Amino acid sequence: MSITTNPPPEPPKLKPQTEASKKPFGSRWLGQLVLLGPAGIWLLLLLVVPTLVILELSLVADIRPGDVVNPDGFANYLRAFAPLNLTVIGRSISFALGTTIGCLILGFPVAYWIALQAPKKWRNLLLLGFILPLWTSSLLRSYAWITILRRTGVLNSIIGIIGIPPLELMNEPPAVLIGMTYSFLPYMVLILYASLEKLDRRLLEASADLGATPPETFLRVTVPQVFPGIAAGGLLVFITSLGDFINPELLGGASSMTVARLIYNQFLGQTPNWGFGSALSTLLILLVSIAIALLLKYGDRDAKV
Amino acid sequence: MSPYQLSSDRHLSRRHFLKAGAAAASGLALSGCGWTLANVRTTIDTPSDVLYLYTWAGYTDDELIKEFYDETGIRVIADVFSSNEEMLAKLQAGAGGAYSIIYPSDYMVRKMVSLDWLVDLDRDRLLGLDELFPRFQNPGYDTQNRHSIPMSWGTTGLIYNSRKLQPNPTDWDYLWDNRQQLSKRISLLNDGREVIGAALRSLGYSYNTTNIDAIRQAYQKLTELKSAIATFTSDAWTSQIITGDLTIAMCYSADAVQVIEESPGTAYLLPDSGSSVWTDTMAIPRTAPNIEGAYAWLNFMLRPDVSARVCERLSFATPNQVAFGLLPEEVQNNDSLFPPESALEKSEELKPLPTEVGEAFDLYWTRLTSG
Numbered sequence: 001m002s003i004t005t006n007p008p009p010e011p012p013k014l015k016p017q018t019e020a021s022k023k024p025f026g027s028r029w030l031g032q033l034v035l036l037g038p039a040g041i042w043l044l045l046l047l048v049v050p051t052l053v054i055l056e057l058s059l060v061a062d063i064r065p066g067d068v069v070n071p072d073g074f075a076n077y078l079r080a081f082a083p084l085n086l087t088v089i090g091r092s093i094s095f096a097l098g099t100t101i102g103c104l105i106l107g108f109p110v111a112y113w114i115a116l117q118a119p120k121k122w123r124n125l126l127l128l129g130f131i132l133p134l135w136t137s138s139l140l141r142s143y144a145w146i147t148i149l150r151r152t153g154v155l156n157s158i159i160g161i162i163g164i165p166p167l168e169l170m171n172e173p174p175a176v177l178i179g180m181t182y183s184f185l186p187y188m189v190l191i192l193y194a195s196l197e198k199l200d201r202r203l204l205e206a207s208a209d210l211g212a213t214p215p216e217t218f219l220r221v222t223v224p225q226v227f228p229g230i231a232a233g234g235l236l237v238f239i240t241s242l243g244d245f246i247n248p249e250l251l252g253g254a255s256s257m258t259v260a261r262l263i264y265n266q267f268l269g270q271t272p273n274w275g276f277g278s279a280l281s282t283l284l285i286l287l288v289s290i291a292i293a294l295l296l297k298y299g300d301r302d303a304k305v
Numbered sequence: 306m307s308p309y310q311l312s313s314d315r316h317l318s319r320r321h322f323l324k325a326g327a328a329a330a331s332g333l334a335l336s337g338c339g340w341t342l343a344n345v346r347t348t349i350d351t352p353s354d355v356l357y358l359y360t361w362a363g364y365t366d367d368e369l370i371k372e373f374y375d376e377t378g379i380r381v382i383a384d385v386f387s388s389n390e391e392m393l394a395k396l397q398a399g400a401g402g403a404y405s406i407i408y409p410s411d412y413m414v415r416k417m418v419s420l421d422w423l424v425d426l427d428r429d430r431l432l433g434l435d436e437l438f439p440r441f442q443n444p445g446y447d448t449q450n451r452h453s454i455p456m457s458w459g460t461t462g463l464i465y466n467s468r469k470l471q472p473n474p475t476d477w478d479y480l481w482d483n484r485q486q487l488s489k490r491i492s493l494l495n496d497g498r499e500v501i502g503a504a505l506r507s508l509g510y511s512y513n514t515t516n517i518d519a520i521r522q523a524y525q526k527l528t529e530l531k532s533a534i535a536t537f538t539s540d541a542w543t544s545q546i547i548t549g550d551l552t553i554a555m556c557y558s559a560d561a562v563q564v565i566e567e568s569p570g571t572a573y574l575l576p577d578s579g580s581s582v583w584t585d586t587m588a589i590p591r592t593a594p595n596i597e598g599a600y601a602w603l604n605f606m607l608r609p610d611v612s613a614r615v616c617e618r619l620s621f622a623t624p625n626q627v628a629f630g631l632l633p634e635e636v637q638n639n640d641s642l643f644p645p646e647s648a649l650e651k652s653e654e655l656k657p658l659p660t661e662v663g664e665a666f667d668l669y670w671t672r673l674t675s676g
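Taken in sequence, the protein lines are chains A and B.
All letters in the first sequence, in the order written, are residues 1 to 305 by my numbering.
All letters in the second sequence, in the order written, are residues 306 to 676 by my numbering.
Treat the hints with caution; some may be incorrect.
[Stated by the list, open to error] Here are some chain B residues pointing at chain A (derived, C-beta under 8 Å): (1) 390; (2) 537; (3) 663.
Source of the hints: derived by calculation from the structure; they are not laboratory data.
Please read all numbers here as calculations on a predicted model, not as lab measurements.
The beta carbon of each residue, even a glycine, is placed where N, CA and C say it ideally should be.
With the sequences and hints as input, model every part of the structure.
Encoded structure:
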């Protein structure tokens, strides 16, 4: 709600504003500095400077711990675009996309039900139930999936009873997608819930009144209204799963190298190469930035409609 | 406990913090026209009655730490690392300033000596070096144990389900010969040197070959096996071998011995064509505080009775000849733990490789794990 739609502005609300504008520019500036300074320094020292260091390192070919940093070109980036590394980057992106789609398909009905159909007094409890798994270590949750998915595991024991032959999910891409979807589902549900809760139900009724079938109402009234939520949830899941390390490593089997693992190897592997690792990190940051730019553009435009 | 938590330790004064901060800042010093990263050598002074160790999981337990405390009054705090590279990276980044004792493996001792990270040990302050097995008194990776004291050793081999695999496997080639039946029942270590090295060995090359074409051949050979490999893992194989999800797994002998104790249907194989032999050592980093305590720990661990007890309790192989004599007969005769000399003859110690060879290993390893 913006101020303009409010009934006559209340004096106490406006008073601080007028006082502030009377103050000399200097002290206002000082006040802002005091308020924003600590967080600003924090961001500058622990985010901006390290990112610049990564950027500089990425321009040095074959740098190793202890070497002198002398930026000398784009060799590391050229290497990152070698077919082998593109395969790895592509695998990371497809895992992230698959996870995003999986979370959306599983998360939307749940969020819809909690926000619109579940009894009001249960909502907070239901949401809490969804966040609860996040309180345990992600490593532990991945290990739990090994127990479920392996050939003689829980899942195959259960489906064996009804006569279905055992599934070979473990150590294959489906296991990674299952593990990652499980890990990131709570984020999707929370964001979709926040978006669906604000849904204007009068529009749904109007749509039904005007003769739309329920699927039409869903696709043409509900989805456009919650599109910013879908975009935000999808991007959050995409970004976090792009850098996921544990699930591909533990569940993915012999062909599960992802960018996160490749970067790890450049710093803590047997032949460390900080320059190449930094170039890969920079590319990952770029990918995420593009995703965020898309969110700002499309998320906002639809929110205004 | 990480060294980050250390800075909140009540023993650390503000002065120490400033000193550490200054050292960290000097790590980013200008040098020539560029700057260097990670050459920080910070010592975090620790009280003389506390000794920080940086070790592998499974090399210390409460009983050992209590025994040391009862004798010397020094409280030991052990942090664990999961790879040599992780340990070195942490030290190089200046985050290991509180450690008085570290546990590098053989090839890492070589590397750290070449980087001048390890203290020259004062032999006059060490007791019982002559009680080590002769081959550990002058090991290839560290002449005359000048910088390191061996504390455990073992081999790399295969653990397998001895009920399912009849006749029992004898060599690396078994994996290739039976890859159809063993499809997705094989796991290999998550370690490029070991995996490519085993393939090199089965082709008749050395683990430490500098012949890049040989490395390529080993990679080719591994791609033939690739579709049968379930995963590359250095630890997750344990539960899957016990449950039978894996039939054969490449592993370190020390881990195998522990699993075999739990699961009698499994056996360990040191392949006929040879394998890698590793030694884990104890050393004092250049940045170590509390040198007195460090020597006390080394001497404590060199004592045959201590070594025998801890080796039996935590199932690893002692390099100490007198300690070996104190072990129960069934442990002495455990071929997985103490393989016969004849089997060791064909095995090699991993050595650091020239950069371009290391990169070739890395390239083919990335290919193998992403293809």
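Structure-based check of each hint:
{"no.": "1", "hint": "390", "verdict": "holds (5 Å)"}
{"no.": "2", "hint": "537", "verdict": "holds (6 Å)"}
{"no.": "3", "hint": "663", "verdict": "holds (4 Å)"}
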